[in-house]
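K.L.:
Here are the chains, one letter per residue:
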Amino acid sequence: MQTRISNLIDLKKVVQQLEKDLGLGSMSSHEKAVLLAISDLQQLDGVAKTKAILAHELTTSISRPSIFRALNKLEEHGKLKRVEGSHGSYLTV
Amino acid sequence: MKNHVDHFVIVSIAFIVASSLTLGFVIPAQSLLSQYAIPEIGLIFLPHGIRVIAFHYLGWKAVLHMLPASYLFWALSNTSGSELDVLSPIVSMVACYIGFLGATVVVQKEDIGNKISTWKYFVLAGATSSFVNGLALSWLQFADTPLSALVGYVVGDTLGLAVCLVVLMYAFRLLRLSNELN
Numbered sequence: 002m003q004t005r006i007s008n009l010i011d012l013k014k015v016v017q018q019l020e021k022d023l024g025l026g027s028m029s030s031h032e033k034a035v036l037l038a039i040s041d042l043q044q045l046d047g048v049a050k051t052k053a054i055l056a057h058e059l060t061t062s063i064s065r066p067s068i069f070r071a072l073n074k075l076e077e078h079g080k081l082k083r084v085e086g087s088h089g090s091y092l093t094v
Numbered sequence: 603m604k605n606h607v608d609h610f611v612i613v614s615i616a617f618i619v620a621s622s623l624t625l626g627f628v629i630p631a632q633s634l635l636s637q638y639a640i641p642e643i644g645l646i647f648l649p650h651g652i653r654v655i656a657f658h659y660l661g662w663k664a665v666l667h668m669l670p671a672s673y674l675f676w677a678l679s680n681t682s683g684s685e686l687d688v689l690s691p692i693v694s695m696v697a698c699y700i701g702f703l704g705a706t707v708v709v710q711k712e713d714i715g716n717k718i719s720t721w722k723y724f725v726l727a728g729a730t731s732s733f734v735n736g737l738a739l740s741w742l743q744f745a746d747t748p749l750s751a752l753v754g755y756v757v758g759d760t761l762g763l764a765v766c767l768v769v770l771m772y773a774f775r776l777l778r779l780s781n782e783l784n
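Here the protein sequences line up with chains A and B, keeping their order. So for the first sequence, the numbering used here puts the first residue at 2; every next one is plus one. So for the second sequence, the numbering used here puts the first residue at 603; every next one is plus one.
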């Protein structure tokens, strides 16, 4: 049983690496919602400010810490960038 | 003992599903697309993916686990018009394992394993085992080793492995999405 589970976990890791290498790694639902909210705000105001992201209708059901985690992840993955010289403002890449 | 039975069941089911798809879809489709296609060689041979993954996780025991399903595939293929030699399932399985082992030894000796991802090692080992399998089967099936048959085996096996990995990727992705939805 133990071997079977460890084999399955290993296979899952192999497949996840393939997914990542092919650029098909999927975002979590929170990350998608935050990215869509930023894109929407960017179209309206040019940039997406943290306060507006937190208040956006796509992110209201997500907790504050989850939104900030999603922002960090999206920034790490190069999906968005911080606007220089303006605190707490984001742009999609 | 229970572990062996479990492995045998899992590997057999996977091998039979992959073989059925190859026999019921790939081979008829390739015959439809080209009149020169050889019915004994599947150009996307999905069971090769199962073979490589089983060799990696179960070692030489995978050869024994997959033999019954392999013979089932042999019987079904011959019923549907192919003329596969009675020894082809054993020869193919052993040749594949030798090729896989060869690639694994080289990867370990040259320390390539740390430089490439495991799925790339799967493709490398899969292609090597497919080459040895192609040599053995062409010799067994066609008396000599025609280049077209050898290329057919290598292309079919390697593509089959790649498709298998992509299918697994989407299966895990689907599982992840359904977990997220629940």
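Hints are computed from structural coordinates only; laboratory data are not their basis. These figures come from a predicted structure and were not determined experimentally. Beta carbons are placed, not taken as given, at the ideal position from N, Cα and C, and that holds for glycine. Treat the hints with caution; some may be incorrect.
[As the list claims (entries may be wrong)] The calculated lysine-lysine pairs, modelled on BS3-like cross-linking and capped at a C-alpha distance of 27 Å, are:
(1) B:Lys663 <-> A:Lys14
(2) A:Lys13 <-> A:Lys74
(3) B:Lys722 <-> A:Lys82
(4) B:Lys717 <-> A:Lys21
(5) A:Lys80 <-> A:Lys21
(6) A:Lys52 <-> A:Lys33
(7) A:Lys13 <-> A:Lys82
(8) A:Lys14 <-> B:Lys604
(9) A:Lys50 <-> A:Lys14
(10) B:Lys604 <-> A:Lys13
(11) B:Lys722 <-> A:Lys21
(12) A:Lys52 <-> A:Lys74
(13) A:Lys50 <-> B:Lys663
(14) B:Lys717 <-> A:Lys74
(15) B:Lys663 <-> A:Lys33
(16) A:Lys50 <-> A:Lys13
(17) A:Lys14 <-> B:Lys722
(18) B:Lys663 <-> B:Lys604
(19) B:Lys711 <-> A:Lys80
[Said to hold, decoys possible] Here are some, though not all, of the chain A residues that point toward chain B, as calculated from beta-carbon distances under 10 Å:
(20) Lys13
(21) Val15
(22) Glu20
(23) Leu23
(24) Gln43
(25) Lys82
(26) Val84
K.L.:
Work down the list of hints and note, for each, if the structure agrees.
P.N.:
Going down the list of hints, with the structure as the test:
1. For the hint pairing Lys663 (chain B) with Lys14 (chain A), the CA-to-CA distance comes to about 23 Å; that is within 27 Å, so the pair holds.
2. Taking the CA atoms of Lys13 (chain A) and Lys74 (chain A), the gap is near 21 Å; set against the 27 Å cutoff, the hint holds.
3. With a C-alpha separation of about 32 Å, the suggested pairing of Lys722 (chain B) with Lys82 (chain A) is violated against the 27 Å cut-off.
4. The hinted pair formed by Lys717 (chain B) and Lys21 (chain A) meets the criterion: a straight-line CA distance of about 16 Å does not exceed 27 Å.
5. The suggested pairing of Lys80 (chain A) with Lys21 (chain A) holds, with an alpha-carbon distance near 15 Å, which does not exceed 27 Å.
6. Between Lys52 (chain A) and Lys33 (chain A) the alpha-carbon distance is near 18 Å, which keeps this suggested pair within the 27 Å criterion.
7. Taking the CA atoms of Lys13 (chain A) and Lys82 (chain A), the gap is about 31 Å. The hint is violated against a cut of 27 Å.
8. Straight-line distance between C-alpha atoms of Lys14 (chain A) and Lys604 (chain B) comes to about 26 Å, which keeps the hinted pair within the 27 Å bound.
9. Taken as a hint, the Lys50 (chain A) and Lys14 (chain A) pair is broken in the structure, with Cα atoms around 36 Å apart against an allowance of 27 Å.
10. This hinted pair checks out: Lys604 (chain B) and Lys13 (chain A) have alpha carbons roughly 23 Å apart, not beyond 27 Å.
11. With a C-alpha separation of about 13 Å, the suggested pair Lys722 (chain B) and Lys21 (chain A) falls inside the 27 Å cut-off, and the hint holds.
12. About 18 Å separates the Cα atoms of Lys52 (chain A) and Lys74 (chain A), which keeps this hinted pair within 27 Å; it holds.
13. Note on Lys50 (chain A) and Lys663 (chain B): the hinted pairing is violated, with a Cα-Cα distance of about 59 Å set against a maximum of 27 Å.
14. This hinted pair checks out: Lys717 (chain B) and Lys74 (chain A) have alpha carbons roughly 26 Å apart, not beyond 27 Å.
15. A C-alpha spacing of about 44 Å is found between Lys663 (chain B) and Lys33 (chain A), which places the hinted pair above 27 Å, so the restraint is violated.
16. Our distance criterion of 27 Å between C-alpha atoms is broken by Lys50 (chain A) and Lys13 (chain A), whose separation comes to about 37 Å.
17. Our distance criterion of 27 Å between C-alpha atoms is met by Lys14 (chain A) and Lys722 (chain B), whose separation comes to about 13 Å.
18. Restraint check: the Cα-Cα separation between Lys663 (chain B) and Lys604 (chain B) comes to about 14 Å, which is no more than 27 Å; the hinted pair holds.
19. About 40 Å separates the Cα atoms of Lys711 (chain B) and Lys80 (chain A), which puts this hinted pair outside 27 Å; it is violated.
20. Satisfaction of the interface hint for Lys13 (chain A) is found here, the shortest Cβ-Cβ separation to chain B being roughly 6 Å, below the 10 Å cut-off.
21. For Val15 (chain A), the shortest C-beta to C-beta distance to chain B is roughly 4 Å, which falls under 10 Å, so the interface hint holds.
22. A cut of 10 Å between beta carbons decides the hint on Glu20 (chain A): the least distance to chain B is about 5 Å, and the hint holds.
23. Below 10 Å, beta-carbon pairs count as interface contacts, and Leu23 (chain A) has one with chain B at about 8 Å; its hint therefore holds.
24. Hint status for Gln43 (chain A) relative to chain B: violated, with the closest Cβ pair at about 26 Å, above 10 Å.
25. Below 10 Å, beta-carbon pairs count as interface contacts, and Lys82 (chain A) has none with chain B, the closest being about 27 Å; its hint is therefore violated.
26. A distance limit of 10 Å between C-beta atoms decides the matter here; for Val84 (chain A) the minimum to chain B is near 31 Å, and the interface restraint is violated.
Of the hints listed earlier, those the structure fails to meet are numbers 3, 7, 9, 13, 15, 16, 19, 24, 25, 26, in rising order.
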